[in-house]
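Protein chains in written order, with our numbering: chain V, -15 to 301; chain P, 13 to 413; chain L, 53 to 150.
Treat the hints as calculated values from the structure; they're not laboratory data. Worth double-checking, as some hints may not be accurate.
[Said to hold, decoys possible] Anything over 12 angstroms on all C-beta distances counts as not near chain V; from chain P, calculated:
hint	residue
1	R18
2	A48
3	G95
4	Y115
5	A234
6	R259
7	K281
8	T328
9	T408
[Stated by the list, open to error] Calculated lysine-lysine pairs in the DSS-like style (CA-CA distance at most 27 angstroms, straight line):
hint	chain 1	residue 1	chain 2	residue 2
10	P	K266	P	K21
11	L	K56	P	K255
12	V	K52	L	K76
13	P	K243	L	K74
14	P	K255	P	K307
15	V	K(-6)	L	K56
16	P	K225	P	K255
17	V	K52	L	K96
18	P	K255	P	K310
19	V	K224	V	K272
20	L	K117	V	K52
21	L	K117	V	K(-6)
22	V	K(-1)	L	K76
23	L	K96	V	K(-1)
24	P	K243	L	K96
25	P	K400	P	K358
26	P	K307	P	K325
27	L	K74	P	K225
28	L	K117	V	K(-1)
29	P	K279	P	K400
30	V	K275	L	K117
31	V	K(-1)	L	K74
[What the hints assert, rightly or not] So the derived list for chain L, only partly shown, Cβ under 8 angstroms to chain V, looks like this:
hint	residue
32	F57
33	M62
34	W80
35	R84
36	V86
37	I95
38	S149
From the three backbone atoms N, C-alpha and C, an ideal C-beta is built for every residue, glycine too.
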Amino acid sequence: MAEPAAVRLKDMLQKDQILSAGHRMCAGCAAPTVVKLMGMALRGPTIVCEATGCLEVATTIYPFTAWKIPWIHVAFENAAAVASGVAEAMTVMREKGRSEYEHVDVIAVGGDGGTFDIGFGALSGALERGHDMVYMVYDNGAYQNTGIQRSGATLPGQETTTSWAGKVEPGKRQRKKPLAEIVAAHKIPYVATVDPYHYRDFVQKFRRALEVEGPAFIHAYSPCPRGWRSDTSKSIELSKLAVEVGIHPLFEVIDGEEWIMSSPSKNLKELKPLEEYWAFQGQFRHLKDPKWDDFKNQVQDQMNHDWELLKKRCGIE
Amino acid sequence: MTTVERVPKDKITVEGLTGDAAIAHALKQSDVDVLAAYPITPQTIIVEDFQRFAADGEVHTKVIPVESEHSAMSACVGASAVGARVATASASAGLALMWEILYCAASMRMPIVFTVANRALSAPINIHNDHSDGMGMRDSGFIQLYCQSSQEAYDTTLMAFKLAEDHDVLLPVMVGIDGFIVSHNVERVEMLPDEAVQKFLGVRVPVQPLDPKNPITMGPLALTDYYFEFKEQQDRAMWNVPKAYKRIEAEFKKLTGRSHGMFEEYKTKDADIIILAMSSMGGTAKAVADVLREKGEKIGVVRLKMFRPFPTKEITKAVGGAKAVMIFEKAMSFGAVTSPLALEVKSALYDLEKKPLVVDFVVGLGGRDVPPETFVEGIEKTKKYLEKGKAPMYETLGVRK
Amino acid sequence: MSEKFDEIPMAGNIIEPGNAMKYKTGGWRAQRPVHNPENCLWIKNGTCGRCWIFCPDMSVRLVEKDNSRSYEYDYDYCKGCGICANECPTDSITMESE
């Protein structure tokens, strides 16, 4: 029998947590909360395959592990490939009578570097092959583990150690890779964006991702106080704000075709200005300089355009 | 210990098979749980044949047609981690793309069988045989077994699972055949009945697999305080290989009457010059030795099969009494003292008080033919070097210069 | 850390799940959260729990026993990030200097 997902506090308090205290993620990092919420969605025996990254490193510093469920890390760019091996092996061993489990859920987890960039090929391949697994990216907007370098997930105007804000550059100039859309274009059964502030939405979507047959993808927003130069107490608030300014709209895509805007995004009358999001973070501080006004307007225009496009896709006037 | 009996002749299937096909048949009979592979010449027939077995329902294997060799080895590690019997195949550039994960597979102690049709590395791109790919992975922690024939490829692939999965070993095994020369040449292959293979191999018994009831963490971060200890473990496991290999081969010999050893010795006992080579060159070397012996020259051959771990003592014993060891090898280590095989042999012989002259020839790169004449040329040079008592660290033969 | 190579599991496998609990991260804290039960919804009626849900360090303890509820922090692990205080809808948590 599948264990229920824990969406209400009472149920959450009863459910086994998958990550212990004593991990060495930075104070205020949202990733452990993201993992905690993932755990609240689990329905039974689960194996986690993780890409190299902050979460991988800081939760498994030998001889200690914070993980309470089976967990494997192999390399940076291959979490999806490792997960496909785990998933197929569990299936065939069950068929051959060598596994006691009727079903084991397989979850691959990677950061934005390991997913948007270096692990993108492995991810796309695994999606195309249709393994029954969930891939979750915890997106903190840069290679935070190696010291805050730009990734395909880094936002325009974001300063990193490889997209400095300088006399002639406003931080990263390029836009963020629309990964959830690209993944959805693989026509997999389920894609959803989540963030830890909207935790019920998170757990429900993650559970749905586990329940569909075939690959599912969860794009989780995960603020990083160290890299973003934001107050450690603001990580959850920032994830809410990311939804409100449209940087991380919440939606689901079923079979790559049916786009559904989730309530927190759907209920927005209009987007808050990006300025409100930038104001919280040192990594956007340079944008206060009036010389970047044109750049900022372009970024805001792009945001508004993307938002209208998404609403249209979701059938919202 | 169960008693092993020779499989009667009428139970043996004889077929003409290429090296690739022989390996595919061995993989089929090994009841592989997961095979993840990507096409690359001259290995592709292995995967194609195996996929045909899968399409006809002749194997109970999840075949993962990955999008790259990097993912092939990664999927193998994942599958092996949960306790499955796992195999893959590749060559050349594909093997090179796997390189990072080769180290992970070995370090994480995953008993993966990796069949390779050895091929030159780019550039220029070249599809033919040499051992650059195998030598490129020599320090990855894989056991390396180079085969001379389709029959040996079949036999070795079967034994490789037993060796890899042995609890004293738990290391991945590369089974190499020379690209095209063996991979695409049809030879007579004797195949065991399925039941005999199943009995010989049994089912993999994993040690510390990923298991929800016993949740372990695999592949953590280990720094200055622990990393080195895991390397010590790994190195010791590697040196458990010869003993396990001999035991497994002894059992296989009872079953089939065949064994190949860590290396093959041919007329070495009284030899003045011993040719040391790997894979298909071993056959040519033996033919050359026969002809030259008729002319009164005492030539012997050591055809090395196990390159990792390098059978140091045994090779020292086998060639130590000769006047010269003439190495023919198909790989270069640019800028090194000498070439990979010679590096091993010279190091092995270093402690001998009276040691043979080691003469190293790099031959056959990019599939350049290595005919008997090239061996004779090498022998003539070796004789001259013997007279001088000195030889170059290495030189190329068969190149236009 | 004095174990020899043959006294630890192979390949870096960590066989004790969640043993990171042996590593105390409380020493990282510059500010500590202090809870005032007066308006706390968990204490009042067993709802909310946002501090527990969002805490990245599993350092909030919501205990319910015989219909009475208590609240405590596990200062062995709390890194003092202040997320609990920031997210508390009733301002029942304040951050104080260590």
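Going through the hints against the structure:
1. R18: holds (29 angstroms)
2. A48: violated (6 angstroms)
3. G95: violated (7 angstroms)
4. Y115: Nearest chain V Cβ is 9 angstroms from Y115/P, so the label is violated.
5. A234: violated (4 angstroms)
6. R259: R259/P clear of chain V: closest Cβ-Cβ about 25 angstroms, beyond 12 angstroms.
7. K281: Holds, because the least Cβ-Cβ distance between K281/P and chain V comes to about 48 angstroms, which exceeds 12 angstroms.
8. T328: Given a closest Cβ separation of 38 angstroms, the condition holds.
9. T408: With a cut-off of 12 angstroms, T408/P remains clear of chain V, as the shortest Cβ separation is near 36 angstroms.
10. K266/P to K21/P: With Cα atoms ~13 angstroms apart, K266/P and K21/P stay inside 27 angstroms; holds.
11. K56/L to K255/P: holds (24 angstroms)
12. K52/V to K76/L: Holds. K52/V to K76/L sits at ~17 angstroms (cutoff 27 angstroms).
13. K243/P to K74/L: holds (25 angstroms)
14. K255/P to K307/P: Since the Cα atoms of K255/P and K307/P sit roughly 39 angstroms apart, the hinted pair is violated (cutoff 27 angstroms).
15. K(-6)/V to K56/L: Given that 27 angstroms is the threshold and the Cα spacing comes to 46 angstroms, the pair is violated.
16. K225/P to K255/P: violated (34 angstroms)
17. K52/V to K96/L: Roughly 32 angstroms between the alpha carbons, so the hint for K52/V and K96/L is violated.
18. K255/P to K310/P: Not OK: K255/P and K310/P at ~32 angstroms, beyond 27 angstroms, violated.
19. K224/V to K272/V: holds (22 angstroms)
20. K117/L to K52/V: With Cα atoms ~26 angstroms apart, K117/L and K52/V stay inside 27 angstroms; holds.
21. K117/L to K(-6)/V: With Cα atoms ~13 angstroms apart, K117/L and K(-6)/V stay inside 27 angstroms; holds.
22. K(-1)/V to K76/L: holds (23 angstroms)
23. K96/L to K(-1)/V: It holds: about 22 angstroms lies between the C-alpha atoms, which stays within 27 angstroms.
24. K243/P to K96/L: violated (56 angstroms)
25. K400/P to K358/P: The given pair, whose Cα atoms are some 19 angstroms apart, holds under the 27 angstroms limit.
26. K307/P to K325/P: Between K307/P and K325/P the Cα gap is close to 32 angstroms, so the pair fails against 27 angstroms, i.e. violated.
27. K74/L to K225/P: holds (22 angstroms)
28. K117/L to K(-1)/V: Status holds; Cα separation ~17 angstroms.
29. K279/P to K400/P: holds (25 angstroms)
30. K275/V to K117/L: violated (60 angstroms)
31. K(-1)/V to K74/L: Within the cut-off at roughly 22 angstroms; holds.
32. F57: With a minimum Cβ separation of about 13 angstroms from chain V (threshold 8 angstroms), the hint on F57/L is violated.
33. M62: Not OK, violated: M62/L not within 8 angstroms of chain V, min 13 angstroms.
34. W80: Hint holds; W80/L Cβ to chain V Cβ min 6 angstroms, cut 8 angstroms.
35. R84: Result: violated, 12 angstroms to nearest chain V Cβ.
36. V86: violated (14 angstroms)
37. I95: violated (13 angstroms)
38. S149: Violated, because the Cβ-Cβ distance from S149/L to chain V comes to roughly 14 angstroms (cut-off 8 angstroms).
Of the numbered hints given earlier, the model fails hints 2, 3, 4, 5, 14, 15, 16, 17, 18, 24, 26, 30, 32, 33, 35, 36, 37 and 38; all others are met.
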